[in-house]
Each structure stands twice: as C-alpha cells, then as structure tokens.
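Start from chain A and add chain B according to the hints.
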Amino acid sequence: MQAERTLLAWQRTLIVLVAVALLYLRDPLLPGGVQTGGDPLNRLFPVLATLAALGGLIVHLRRRWRSTEHGLHDDRTGRPPAPVARPWAMVLVSAAACLLAVAAAVGAFAG
Amino acid sequence: MTEGNEPSGGGPTDAGAQRSGGSRGVEPDYRFTLANERTFLAWIRTALALVAGAVAVLHLVPLNWESGLRLAVGFALTGLAIVITVYAPLRWLRVQKAMRRDQALPMSALPVITAVGVALVCAVVLLGNYWS
Chain A
1 MQAERTLLAW
11 QRTLIVLVAV
21 ALLYLRDPLL
31 PGGVQTGGDP
41 LNRLFPVLAT
51 LAALGGLIVH
61 LRRRWRSTEH
71 GLHDDRTGRP
81 PAPVARPWAM
91 VLVSAAACLL
101 AVAAAVGAFA
111 G
Chain B
1 MTEGNEPSGG
11 GPTDAGAQRS
21 GGSRGVEPDY
31 RFTLANERTF
41 LAWIRTALAL
51 VAGAVAVLHL
61 VPLNWESGLR
71 LAVGFALTGL
81 AIVITVYAPL
91 RWLRVQKAMR
101 RDQALPMSAL
111 PVITAVGVAL
121 VCAVVLLGNY
131 WS
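Chains as they are written, first to last, in this note's numbering: chain A, 1 to 111; chain B, 1 to 132.
One or more hints might be untrue.
What the hints assert, rightly or not - Simulated DEER-style distance windows between Cβ atoms:
#1 B:62 / A:5: 39 to 47 Å
#2 A:55 / B:60: 20 to 28 Å
#3 B:67 / A:62: 39 to 47 Å
#4 B:66 / A:86: 27 to 35 Å
#5 A:67 / B:39: 20 to 28 Å
#6 A:49 / B:103: 19 to 27 Å
#7 B:102 / A:87: 17 to 25 Å
Just so you know, the hints here were simulated from the structure itself, not pulled from any lab data.
Only a predicted model underlies this, so the values are computations on that prediction, with no experimental measurement involved.
Note that beta-carbon positions come from the ideal geometry of N, C-alpha and C, so glycine has one too.
The shape of chain A in the complex, shown without the other chains (with noise of 0.2 Å):
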C-alpha cells in the first residue's frame, strides 16, 4: 500500500509538471478574448526539455514498478523497494521544476 500511494504521488506531481509546462507554452490572455497568436518558439525549448524529463521519469517509474512486482519486492532486500524511484529521478524532477521556474523569469525580461 505504502508503494501504491507513494507511485500515486509520483504521478500527480508528473501530471502538474505537464499542466504547468502547457500553461507556460500557452498565448497571453488579452481583454475581450483576443488572442496574440504569438509565435510561442521562445517558450518551446524549456516546454520540451521538461517533457523530455517526463518521459525519462515515466519509463523508469514503469520499469522499476514492474521489476518490483508492483512495488511488492526489490530482490536486493526482500522487502518493497524504498524508495520507488531512484534518487537521480528526484533530481530530475526537480531540476524539470526549477528550470519551468527559470524560464518564467527570464521570459518576463525577454517579454
């Protein structure tokens, strides 16, 4: 149970990544409903570095549940594995964070 919840956890912090990475790639609201219809260029790199995190996350989090047997055994000691995911996919996932929030940033100077 306590690796069922803890995945669970892990999958609604990638499904805020993605809403967060798409709210930033989406056009500036203007009144009355207009759209820009800017190019969004400048925001796509960060957009797809991050997604390009995400799917790394994705398949490692797969891979190890089912190397597990659903989050119910890590041979090297017989109990759940602890943690689910490896400590790099923490770095990963933050790293992913950090630069989304980096990109916010400097895309209000670059306007």
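Quick look at chain B alone, frame taken from chain A:
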C-alpha cells in the same frame, strides 16, 4: 513519517545497508523511506503551483498593475519555487541520512520561508488590486 509505529518488517535492517549510496548506517524501515519520498514530491508540487502562479502573473493574465509590481510578484513566486526545487532533494537526502543513522530528523526552515513568502505575495497582490 507518522505511519506505522510497529513496522511489520522490523526496524532498520542490514539488508539495505549495501544500497545506502555511500552513507553510513543501516537502511531504515521502507515505510519511512517512502514517506520521505512522498514528502519530497509534495514539496515539488508546491513549487509547481508557485510556478503556475508566476506564469499566470508574468505571462498570461492581463493585469492593470504597475509593471514593477507585477514583476515583483512574479519573481517572488519563481524565486520561492527555485528555492524549493533546490532544497527539496537536499532535504530528502538529509532526512534519509538521519534515519539511517537513527538520529533525530533535522529541522527545516523551508516551511517558514514558504509561508512567509506566500503571505507577502498575497499582501502585494492585494495592494496591486487596490493601487492599480
């Protein structure tokens, strides 16, 4: 950290000592490690919520605020998010090491920093609405 006072698999175990990533001590009960991991993920979701607010203020929503005020709010939100994303994995590691060594969990200033930062942002947003 509060779940399960009587671990079914026992307390710290030597079985996981080899995968402790260079840290001394023995691997704690897996439920505590998983709780630590979920806490880390909750911090990341908090950071992402702050980023979403920053994107809304800086890029999406048209606000009749002073430009400096808008930038101050946006940068405060992104700054808080960056602090959290840098600190969260370090915090996870410190807690993990403390549990491996059977020490008391280290205190963290992050909840206070986040609470004060968000309160300040809320105050500035209120000012922005009345001072537009």
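A quick look at each hint next to the structure:
1. B:62 / A:5: 39 to 47 Å: holds, 40 Å
2. A:55 / B:60: 20 to 28 Å: holds, 25 Å
3. B:67 / A:62: 39 to 47 Å: For residue 67 (chain B) and residue 62 (chain A) the Cβ distance comes to about 45 Å; the hint holds.
4. B:66 / A:86: 27 to 35 Å: Because 46 Å falls outside the window, the suggested range is violated.
5. A:67 / B:39: 20 to 28 Å: With Cβ atoms ~25 Å apart, the hint holds.
6. A:49 / B:103: 19 to 27 Å: Violated, at about 37 Å.
7. B:102 / A:87: 17 to 25 Å: holds, 20 Å
Consistency with the previously given hints fails for numbers 4, 6, ordered from lowest to highest.
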